[in-house]
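Whenever a hint applies, use it, and build me the whole structure from the sequences.
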Amino acid sequence: MTDLSLRTELFPTGWQTALARAPRIVLKPLPLQRSLPATINIPLRQAAIRTFGFSFPELPAADLGLLAPRPTRSPQRGADQGKSPAAKQTTRIKPPQDIIKLQDRLYYVLQPPLESLTGELRFPFQPFPYQLAGIAFLFPRHAAILADEMGLGKTMQAITAIRLLLHAREVRRVLLICPKPLVTNWKREFQLWAPEIPIGVIEGNQARRNWQWRQPATPVLLANYELLVRDQQIAVNDGLHFDLVLLDEAQRIKNRNSATSQVTRAIRRTRSWALTGTPVENSPEDLVGIFEFLSPGHLSSNMQARRMGLAARDYILRRRKEEVLTDLPPKMFRDAELDLTPEQWISYREAEEHGVVRLTEMGDELTIQHVFELVLRLKQICNFDPAGGSSSKLERLRADLEEVIASDQKAIVFSQWVDSLKRIRAALQPLPVLEYHGKIPARKRDRVIDQFRNDPSCHLMLMSYGAGSVGLNLQFCRYVFLFDRWWNPAVEDQAINRAHRIGASGPVTVTRMITINTIEEHIDQVLQEKRELFETIFSVAGTPASAGLNQDEIFGLFNLRMPPRKPRAAA
1 MTDLSLRTEL FPTGWQTALA RAPRIVLKPL PLQRSLPATI NIPLRQAAIR TFGFSFPELP
61 AADLGLLAPR PTRSPQRGAD QGKSPAAKQT TRIKPPQDII KLQDRLYYVL QPPLESLTGE
121 LRFPFQPFPY QLAGIAFLFP RHAAILADEM GLGKTMQAIT AIRLLLHARE VRRVLLICPK
181 PLVTNWKREF QLWAPEIPIG VIEGNQARRN WQWRQPATPV LLANYELLVR DQQIAVNDGL
241 HFDLVLLDEA QRIKNRNSAT SQVTRAIRRT RSWALTGTPV ENSPEDLVGI FEFLSPGHLS
301 SNMQARRMGL AARDYILRRR KEEVLTDLPP KMFRDAELDL TPEQWISYRE AEEHGVVRLT
361 EMGDELTIQH VFELVLRLKQ ICNFDPAGGS SSKLERLRAD LEEVIASDQK AIVFSQWVDS
421 LKRIRAALQP LPVLEYHGKI PARKRDRVID QFRNDPSCHL MLMSYGAGSV GLNLQFCRYV
481 FLFDRWWNPA VEDQAINRAH RIGASGPVTV TRMITINTIE EHIDQVLQEK RELFETIFSV
541 AGTPASAGLN QDEIFGLFNL RMPPRKPRAA A
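Mapping to our numbering: the sequence shown position 483 is 483, numbers consecutive.
Treat the hints with caution; some may be incorrect.
[To be verified] With a cut-off of at most 27 angstroms between alpha-carbon atoms, the simulated DSS-like pairs for lysine-lysine come out as follows:
#: 1; residue 1: K439; residue 2: K187
#: 2; residue 1: K379; residue 2: K422
#: 3; residue 1: K321; residue 2: K331
#: 4; residue 1: K28; residue 2: K321
#: 5; residue 1: K94; residue 2: K321
Since the hints were derived computationally from the structure, they do not count as laboratory data.
Here it is, written out as structure tokens:
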């Protein structure tokens, strides 16, 4: 048979098979062409160094003939050579953040330590280190608030800073504005700390004041707030210009709409300083009002407390006594929580019930003024029963004063009302009791203070918060009684610090009288909230739960609904 089969071979095809084949590598040598790098010669010129030269006057000026001769040093080992390094710290003037020019910053940086001035300028007492720091803070600033706690010597620091500026010819004309009762104190402090500087006091009739305002040879003019408003046509519109305007008790201008604030802001000036121990009394709006004088627009009312503290930090210097005066005697608080007498309770409940009913019936016609009237009425009953005059506070005060007199100490009693002070004086007869309040003529007030200080038989001074909370040095007193509470803690602190300040000979005991289950307990809670607000702004930490006594809280004292605000009529 014939074999008809064909020989066949099978080869895999397709693109998948091609992918599975092993690659074949073919090597071919290629010559590499290398090009030499290009080089360029650049001649380097020597850079010219631009130099500046500044010359500054010495601080203080040595050619004024006002410097005390330098004491000759003994070759023997001095007493100060054995002091610790911490006792030889120096205080330098630091330029504020808003000074940009190199020349201006160098001027302050190159000034000698302030400690060296104590050997050249005459000082009645050696300033404390923190006081030198306050002087160094004020000296270079065009806008500043010295907000030290009462009793730390803000007056001395301001006078010394002004003294240095005048000697350095940085300023030639200064206007100092203070409350009327403090004019005498400022004159006395200038004579003590800057006796070579002439002081002119704006006082007398209109013709005399007109002449005083225009005296160019007087480097420091001293005016009170009331006369400033009265003489605004001269102080503001007569072409006067001051190198420095200093406001004492600057909280007087916290209300931006007041005449006092408007006049002070309108004064032509180069530098603006403010002294106050209470830059925030009721709300952050107080600080905004002061800054409208220092640096308009820098703070605004809608700022949060923390942000406001950060924005104001470079303009404000505030120290507490416990921070800088470690040797200052302690301040001890006693809260005397008292029950009203039966007669006071009857009057209190009747006034509260009738008052709340009356306020409720007023409906939408109710205003915050109506509520305040009831609050003040109840507070007065907490002091004395209006019918029979009984008072649980007076009974406690009389008992405590027996201890004060037995220990031969002196005490101050503060009250909001002159009428309460007169009731206390009448009840304490025949004890010699002095009064210091708004109804005492200004010309007699210094004599009252001198008698209280020097008469060993006078153990008690009755003071109103308004007249006795500022500008007085009563560090010889060891006891302070708050017969009733003020609306904000800052005013209370000012009153307490009349006694607890530099020179205090011993601890100061503060007795705060509070009648329980009354409106005074509510006010005490509000005072604590205001302290939180104050601490928030000046510690730049956190936001308090409450900003103080707002309208809702005032109406809430009696569980009243605040009526809706009436729309304003279109202009």
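request  = Please work out if K439 and K187 have their alpha carbons no farther apart than 27 angstroms.
outcome  = Within the cut-off at roughly 23 angstroms; holds.
ask   = Is it true that the CA of K28 sits at most 27 angstroms from the CA of K321?
value = violated, 92 angstroms
task = Would you mind confirming whether the straight-line C-alpha gap from K94 to K321 stays at or under 27 angstroms?
result = holds, 23 angstroms
query = Is it true that the CA of K321 sits at most 27 angstroms from the CA of K331?
reply = holds, 10 angstroms
Given hint K422 paired with K379 - CA-CA distance at most 27 angstroms = Holds, because 16 angstroms separates the two Cα atoms, which is no more than 27 angstroms.
Checked against the numbered hints above, the structure breaks only hint 4 and satisfies the rest.
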